[in-house]
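So you can see what is in the structure, the chains are spelled out below.
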Amino acid sequence: MKHNKAQKFGMVIDLDKCTGCGSCMVACMSENNVPFRKDESDKFLSITWMRVYRLTNGKPFPNTDICYLPRPCMQCAGQHEGHSPCVSVCPAIATDYSTETGIVSQIYTRCFGCRYCMASCPYHARYFNWWDPIWPDGMEKYLSPNVSPRMRGVVEKCSFCFHRYQLAKEKAFMEGRRNIEENEYQTACTQACPAGAVTFGDLNNPDHAVYNLVKPDHKHSGRPTNPHAFRLLERLGTNPKVYYLSSRKWVRQVGDNYLKNEAKVKKPVHHG
Amino acid sequence: MKIGRRGFLSFVIGGAAGTALSPLPWKLTDDSSIWTQMWPWTPVPKDGETSYVNSVCTLCSGGCGITVRKIDERAVKIEGMKGHPINNGGACLLGLSGLQLLYGPTRIKSPLKRTGKRGQGGWEKISWKAAVSEVVEKLGNLRSKSQSHTVGFVSGSDRGTIPRLFERFLTAYGSPNLMRMPSVRDSYELTLHMMQGVQALPGFDFENADFILSLGSGIIDGWGSPVRMFRANSAWQNANVKVIQIEPRLSNTAAKSSKWIPINPGTETALVMGLAHVIIKEYLYDTGFILNYTNGFEDWKRLVMDNYSPDSVAAITGIDSGTIVVLARSFANASRPLAICGRGDGSSPVSLKGCTAVHALNALVGNVNKKGGVWAVSDTDYISWPEIEMDSKAAAGMQHERLDGAGSKKYLFSRYLMNRLPETVNSGAQYPLQALFVSGANPLYTLHDTKSTEKAFDKIPFVVSFSSYMDETAQNADLILPNHVFLERYEDVPAPVGLIQPVIGLAKPVVEPQFNTRHVGDVIIRMAKGLGGSVADAFPWDSYYSCLKETLNDNWETLVDKGFRSDTELMNPTLESSFDTVSGKFEFINPDTGSMPQFKPVSIEGDEKLYPLVLIPYDSIRLANSYIGDPPFAIKTVEDTVLKGKYVFVEINPKTARSAGLHEGQRVLLITPKGKAEVKIHLFEGIMPGIIALPRGLGHTAFDDYLAGKGINFNTLIGTVEDPDSGMDTAWGIRAKLSKV
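From first to last, the protein sequence lines are chains A and B. All residue numbers for the first sequence refer to this note's numbering, where the first residue is 1 and numbers rise by one. All residue numbers for the second sequence refer to this note's numbering, where the first residue is 1 and numbers rise by one.
So that you can see chain A by itself, here it is in the shape it has in the complex (with noise of 0.2 Å):
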């Protein structure tokens, strides 16, 4: 039997149509049976697997600018494949990389809190459980079958709602096909998005719409060639799936860590 290519399954999300409205924070909470609080005013103890950021550019009125940036998990791959921050540190292999889909996977029941892997993730995209999750009375009516409720003490974050990845896949092997097609598998904040700015598909299919927005080069750990596109910390290597389109460079700048001045964009470090 032949392998399938391996996909790379990633995201472009286009922030000059982003309204930052906050659809895909809500369509992923509701998909994902996240928990909330009667605060959640502290945005470090909310749990957000997808949360928008404002972006302002500093400048006085009115030259004010403000541009929001949705920042799901980043699915990294690191420098090798499967070499992403939180894998490589996690001692309890509770997080994994699969070089079949490029998605960084979460398994609740081996989590034993340790938070090693919210330290080493630049993103913050790693929330941890610090209580149990309470619905109010009622309320569990809603939770979906397909992503198990988490406990206190454990670490969750996105999956590229990675159960319709395996609904798409046994329903395209019910009906004896090997692959799926483009749009059996989204996530659900790219199908919520009413301004249509997040895409979804695989990185590796040049047929796919994320593949042509970004154009990403291989070679150089995916980094992309469309010049309005960027990934987030792309110095710091991670190689993250994730990429961004802006046509503003204020945005471009603010999405690495620029220092003051600095005209030009340095080559990527290469770390481990």
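One or more of the hints may lead you astray.
[As the list claims (entries may be wrong)] Mimicking SDA-like on lysine to any residue, the simulated pairs with C-alpha atoms at most 25 Å apart in a straight line are:
no. : chain 1 : residue 1 : chain 2 : residue 2
1   : B       : Lys77     : A       : Leu167
2   : A       : Lys17     : B       : Ala235
3   : B       : Lys259    : A       : Tyr53
Since the hints were made in silico from the structure, they are not lab data.
Fit chain B to the known structure of chain A by using the hints.
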């Protein structure tokens, strides 16, 4: 045996190394994770058969199609309906969190009757039979005393079968007092009536416009049908359509626009007049349209030319005259330019002179009832019910003037003026209101000047709420007759205001009613039957379901099956048939009132010396600001520079803050002539110096712990400002000061 230092160390180190090499540590970490995680109280969602139901979301008037995923009998996820003409798969965060409203703790689980004092939260569960007969008895008594006109109804909408049943009930019963909650639609309807002589809804062909001038309208902050506007906004990006946003604060809409032009708040109409000045002066207007289809242009032109030169407009608006000239030229030179008004999410009307000025600007460039322009859309009337046979009591009741003054001599053409009700009730100038029914609205939260509204409610002896949730108005009612929520009931959903294509949606039950609630349509029919006589005769249906099915007639099958019905063939009105005025033309000057589009400042409350700052509201799609409060998921998305703990942040320019000695995160007292509140300071470069802004949608006192007690309700800090031409509340802000605590 003697254990020396060496021996002890060897033992400890050797032991440690030995243990580390054994599987024991790994077994222990593994076990510890199992021991500490397998709690019986962590829910394990039951699996079952997956199915999907198509319906319509009615949490706002946007009319989006939704597809609800179910596992057996449980609804587990709401998604936007693919292929729906309004949202095509997209969804806003309120719609997406709809299941929290269905299964949430704020639901009212059965009819409730107040015990103890109003607003104190003492409730007694009663049966539906008892509840309805109590209402029938009250209404019967009033009617027998010839006081039927003292009964009022407040509804969030006046379109579709449910509001029409309210109207029918009141007509047959004998009261003219059906009131719709205010919005910018009121201004547009009146404008279309004054200038085009039609009773119609405004429609905007955003999808085909190629230049958008927004006078503070929050295109992506909840204005119009929100998801449609998001989609239009993205389409403009793709097509390089220019969007110019005029407002004093860098809203999300302003940030996403091609150009944000800050303006002194409340002076938008002056800018519109200035643009008209340049367009007329440079002969950039559509001469064909002006000549053939308009009336009164010369007189208006004189007014414009005499008073609104770019320089004088620059002095009012704070926008330099060069910018005004360039903006006017690019607006007029675009092939399908479109100007819109209604600040923020459009929940507040604008003055008649302001709205007619915007419409006049559109008329100048001839884009009325044209591709890419403003349309007068006549409401698709699929509701044809038999005439009501009024008895003498009903006829007498209907003779009374409305309590809100709409249709009175002073405000002849205004249809609803809910904003005036509190004042009328409080002043007691007219007849007293004996009973008030509230459905799909939460006036005690959403109307400006909460205190005055509360005072008015205290004076109404009998308040009935149909709310599904314990909102502010329900909390202060005497009787609650809880409606099913939208996922449990049938309801027709007419196309949202602003849309030009005729779409009808059908909300239908996705799950069985979760509690002992009843469809408000059924309750109205039951009330009518209980009253008997001609009131009962006006309701020939035995249930709301049969009424709806009969009304939708041929469309029923399609609607049940698909969730919506849309006619792709647009009825583009011909210009000849567009104007139903005496002259048969577009009227720049209303012949009845002589009212002309112009800038008359709407002055806000407060003395400048006592209150040096101006407080304005801002809207965000993340904060529901209508009768639905934010569910837990939605409130979770609110940033920590907007809300932190129980404090809301007031936005202030760093320059203003510095001169007042205020710093980021500082707690201060915000004081307006209407009230005061403790808030925190957020420095924001994107707001005009001298202006401060608060978000709307926070500060609920009702609902649950996930929403209540967070921040301040903006409406408690602002008063009303009545527009002398229309009677609408056109307050756009209030003077304020900040003092350190």
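Tested hints:
1. Lys77(B) x Leu167(A): Since the Cα atoms of Lys77(B) and Leu167(A) sit roughly 16 Å apart, the hinted pair holds (cutoff 25 Å).
2. Lys17(A) x Ala235(B): holds, 9 Å
3. Lys259(B) x Tyr53(A): holds, 22 Å
Violated hints are absent here; each numbered hint is respected by the structure.
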